[in-house]
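**Q** Now for the letters of each chain:
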Amino acid sequence: MKPTSRLRILFLLGLLLLPAAAHAASKNIQVHPVIISDVPKPSWTEIQWQYIDHDFFTKAIVDTLDHSGLFSTVGISGPADYRLSAEVVGQKMVGSMSNIMLLLVRYQLVDTPSGNMLWSENLLTFHHLSASDVFMGGTRAAQVVETAIRKNLQQLVARLDEYTSGEQKVLSDEPKRLNYQTQPKIIDKKPEDDVGYPHKLTGDEIKEHYQRNNNFIFDRVPRSDFTLKILSFNNIERDCDMCNVYTGSGVMNIKESQNQVCFDWDDVSYPSSTCFDVIQIEDNRYQLIDPTDGETYGYKVLQ
Amino acid sequence: MVRIILRLLLLIIMSSGVAHAGISDGLVEWMAQDATFTGVRQVEFHPVVNHTGKDFDFDAAAVATQSLRELLTQAGMVLIIPGGAEPQRVVIKSSVEYYKPGTVGERWVGFGGGAAVCILRTQLFDGHSDRLLADFVGAYQVQAGGLFSIGADKMVPTAAAELLADRILKLVGLERADSGFEDEDNETD
Chain Y
170 MKPTSRLRIL FLLGLLLLPA AAHAASKNIQ VHPVIISDVP KPSWTEIQWQ YIDHDFFTKA
230 IVDTLDHSGL FSTVGISGPA DYRLSAEVVG QKMVGSMSNI MLLLVRYQLV DTPSGNMLWS
290 ENLLTFHHLS ASDVFMGGTR AAQVVETAIR KNLQQLVARL DEYTSGEQKV LSDEPKRLNY
350 QTQPKIIDKK PEDDVGYPHK LTGDEIKEHY QRNNNFIFDR VPRSDFTLKI LSFNNIERDC
410 DMCNVYTGSG VMNIKESQNQ VCFDWDDVSY PSSTCFDVIQ IEDNRYQLID PTDGETYGYK
470 VLQ
Chain B
1325 MVRIILRLLL LIIMSSGVAH AGISDGLVEW MAQDATFTGV RQVEFHPVVN HTGKDFDFDA
1385 AAVATQSLRE LLTQAGMVLI IPGGAEPQRV VIKSSVEYYK PGTVGERWVG FGGGAAVCIL
1445 RTQLFDGHSD RLLADFVGAY QVQAGGLFSI GADKMVPTAA AELLADRILK LVGLERADSG
1505 FEDEDNETD
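Chains as they are written, first to last, in the numbering used here: chain Y, 170 to 472; chain B, 1325 to 1513.
Heads up, a few of these hints could be off.
As the list claims (entries may be wrong) - Listed below are the simulated EDC-like cross-link pairs for lysine to aspartate or glutamate, each with C-alpha atoms no more than 20 Å apart in a straight line: (1) Lys1494/B <-> Asp1349/B; (2) Lys1478/B <-> Glu1394/B; (3) Lys1417/B <-> Asp433/Y; (4) Lys1417/B <-> Asp446/Y; (5) Lys1417/B <-> Glu1394/B; (6) Lys320/Y <-> Asp232/Y; (7) Lys320/Y <-> Glu290/Y; (8) Lys1417/B <-> Asp435/Y; (9) Lys1378/B <-> Glu1421/B; (10) Lys398/Y <-> Asp433/Y; (11) Lys320/Y <-> Glu1410/B; (12) Lys1478/B <-> Asp1349/B; (13) Lys424/Y <-> Asp446/Y; (14) Lys424/Y <-> Asp373/Y; (15) Lys320/Y <-> Glu1353/B; (16) Lys369/Y <-> Asp446/Y; (17) Lys320/Y <-> Asp207/Y; (18) Lys1417/B <-> Asp250/Y.
These are calculated hints, taken from the structure and not from any lab test.
Work out the full structure: start from the sequences and follow the hints.
**A** Structural data, given as structure tokens:
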């Protein structure tokens, strides 16, 4: 049995619990029809089988985003600034009495004009019926599915809110997306004539280097380029197109006495959280080298 | 007297049946289309972290870490501690997403009330690019059984870890050590 009208009513009531966006909407978004790649078969013990179909979930996303106020318009066709795709990659009812729902949805947000992937993530939500809910009778299956969906869409809104807020903030400073084909403008000064390359920067030079520049592009692994930006109070942020976690944050610490710069990332393992020597190898070409294991990252300074 | 013994035996048999029927599990997963894990034997393994936002008297994350570590190593995988010199091809990170010890009393009633539940998530990343390659979520619960389910709260993290370990091992072409099958690569060791 497909989602019942009762499920739809429960879901629409749940929309009222979604938080509205904290910032003004200025862009529109197109929601692609949801792909359901996991349609489970009911077990003989499930008293009222529910699963998510693409029409229902597509409408749920559109209604949710429309209510969120994150975007000026939300539709399933026509030109738009963003394109959102969703694929239900996993939906599983667990328990002979259908008391747990697992829902795994992969979302992808694309900047329509450029075609660039802006964000992709698997959002996992689940719901476990409480002891008092288990005697709800036939509605329990609908309840557990509906709640898992609502939690998933709440996460989606939170992620999009976070992203669109962050993008507006970044756009006010400079483009978040860098055109890698464009030759970066050289803004770092040449070393003195008597200093050849490669030149290992001293603690003072490292400090001056990172005070003068705060935006860099790294190219350690092909197709895994990332940008590193120094924010205030030594907070740093890295953006990586091909990484699972697009934006990572952490802190930078310059150890002048040891002639090293150290990075400590909160949520990402790439690049490493460790201390590096800084070697200048060309006018605008540097390397971070971990002296303990030789791990090396090359980078350029960007304006 | 004989009648009483027979009744007790019948009660035990019925209760055992109920306890078994009260166990359920489920797995959902996602894999990148271009991800291949053939021949992967050495991975960077991170301890399971607690994502529930709650603290429990029983450390489900530590138990799940121990179970995953044992099952993977016993099957022939080499687990490297994070922060090593060489980045590994595959990085395994896991988390306890949900844990509920439940109560024996409510599990006597059944119907899912008082269930002991553990939901674990394991993600496999490319060690060089940090790109997500695979995403597995396993749930295990004991939802009935009454007195026969004593200790279920301590057992569900292990059982959920077994679900995920089996999936990882299948991915890389290995079998659990106690399954009676041996990996061909290990035979030459």
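**Q** Which numbered hints turn out to be false for this structure?
**A** 4, 11 and 18
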